[in-house]
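*Asks:* Spelled out from the first residue to the last, the chains are:
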Amino acid sequence: MNGLKSVWREFVGLFVDDGSLALSILVWLAVCGLALPRLGLPSILPPLILFAGLVVVLARSALARAAKRI
Amino acid sequence: MLVDGSHFAPTFLAAFLASLVEFVEALTVVLAVGAVRGWRGALGGTGLALLLLALMVAALGPAIARIPQDFVRFGLGALLLLFGMRWLRKAILRAAGVLPLHDEEDAYARESAALRALGGLTRGWDRVAVGASFKITMVEGVEVVFIVIAMGGGGRGLLFPASAGALAALFLVALLGLALHRPVASIPENTLKFLVGVLLCSFGTFWVGEGMSLAWPGEDWSLAALNAGYLASALLLVSLCRARAGHRLSILKRGRP
Numbered sequence: 001m002n003g004l005k006s007v008w009r010e011f012v013g014l015f016v017d018d019g020s021l022a023l024s025i026l027v028w029l030a031v032c033g034l035a036l037p038r039l040g041l042p043s044i045l046p047p048l049i050l051f052a053g054l055v056v057v058l059a060r061s062a063l064a065r066a067a068k069r070i
Numbered sequence: 001m002l003v004d005g006s007h008f009a010p011t012f013l014a015a016f017l018a019s020l021v022e023f024v025e026a027l028t029v030v031l032a033v034g035a036v037r038g039w040r041g042a043l044g045g046t047g048l049a050l051l052l053l054a055l056m057v058a059a060l061g062p063a064i065a066r067i068p069q070d071f072v073r074f075g076l077g078a079l080l081l082l083f084g085m086r087w088l089r090k091a092i093l094r095a096a097g098v099l100p101l102h103d104e105e106d107a108y109a110r111e112s113a114a115l116r117a118l119g120g121l122t123r124g125w126d127r128v129a130v131g132a133s134f135k136i137t138m139v140e141g142v143e144v145v146f147i148v149i150a151m152g153g154g155g156r157g158l159l160f161p162a163s164a165g166a167l168a169a170l171f172l173v174a175l176l177g178l179a180l181h182r183p184v185a186s187i188p189e190n191t192l193k194f195l196v197g198v199l200l201c202s203f204g205t206f207w208v209g210e211g212m213s214l215a216w217p218g219e220d221w222s223l224a225a226l227n228a229g230y231l232a233s234a235l236l237l238v239s240l241c242r243a244r245a246g247h248r249l250s251i252l253k254r255g256r257p
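Respectively, the protein sequence lines represent chains G and R.
So in the working numbering, spot 65 of the first sequence is number 65, and the numbers just go up one at a time.
So in the working numbering, spot 252 of the second sequence is number 252, and the numbers just go up one at a time.
Please keep in mind that the hints were generated in silico from the structure rather than gathered at the bench.
Ideal Cβ placement from N, Cα and C applies to all residues, glycine included.
Don't take each hint at face value.
What the hints assert, rightly or not - Each pair of labels, with its calculated beta carbon distance range:
| hint | chain 1 | residue 1 | chain 2 | residue 2 | range |
| --- | --- | --- | --- | --- | --- |
| 1 | R | 174 | G | 38 | 50 to 60 angstroms |
| 2 | R | 179 | G | 48 | 43 to 53 angstroms |
| 3 | R | 47 | G | 37 | 47 to 57 angstroms |
| 4 | R | 52 | G | 38 | 41 to 51 angstroms |
Working from the sequences, and respecting the hints, build out all of it.
*Replies:* As structure tokens, then:
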């Protein structure tokens, strides 16, 4: 039973390590999913906005962790 | 129109590299279990876990193919992003020296010591050996199953290259284990995790965009552009994180008497 529990914990841990990183990704995906199709932007922009936002989310999380190193 | 054929090679490569990292970690523990508690239990637990993992792929893979494609792509893309970003962030922080690198020799020594401390070897099937090797193979293998399902579920016929990539990694790691009888410490694990993180983030972003019905410029070629974009961003972040951590350290040193 303990083995199964740790497998389950490991499974959840696959996606959520730093909670704020996971939440930021989901919020950005929700914003993009709701807003991008409705804004009427030129077709090249929505994919770039999606990608750029995800890079910002990653950078913010990694830099915040680096600042807490010691 | 997405041509799934062009995704075969990147799907195989991503599944192979990601599975290689996971199987190497599992091999370290299975070798420790075999050396300390006996090979019968170690191989029995590993075999049982591999059987369950294969059943999970066989059940979940075709089931996902029945769900509407846009919904699947958005869902799997989001999960790939959560998973891939976690890997990439950790690989960036390790490359920048913020987090320590994973050491297979050290993990092997710690696992062996813990197994010896349990004592009481039993005749026949050793429950400790079966349990320990089953648990580590399941823990690492569930990640492989997720990668195979997520990479294989995004397009028609991609379950085959994703499964083949994972099986090739399993075969290679098993061969290395048989040949070396010691942990595979020479594999540049963090470099692999870095590359896999880039690939998973690119696939995740691409699938999410497809799920949102975004028009990717250059269609499938945009996957290559996403790889280049994530790789460049991650390499830049290694430098920025190293500088940020060094700056923080110098402030703390100045503050001490």
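*Asks:* Work down the list of hints and note, for each, if the structure agrees.
*Replies:* Structure-based check of all given hints:
1. Evaluation of the 50 to 60 angstroms hint for residue 174 of chain R and residue 38 of chain G yields a pass: the beta carbon distance comes to about 51 angstroms.
2. With their beta carbons about 47 angstroms apart, residue 179 of chain R and residue 48 of chain G fall inside the hinted range of 43 to 53 angstroms.
3. Between residue 47 of chain R and residue 37 of chain G the beta carbon distance is about 49 angstroms. The supplied range of 47 to 57 angstroms therefore holds.
4. For residue 52 of chain R and residue 38 of chain G, the Cβ-Cβ distance of about 45 angstroms falls inside the hinted range of 41 to 51 angstroms, so the restraint holds.
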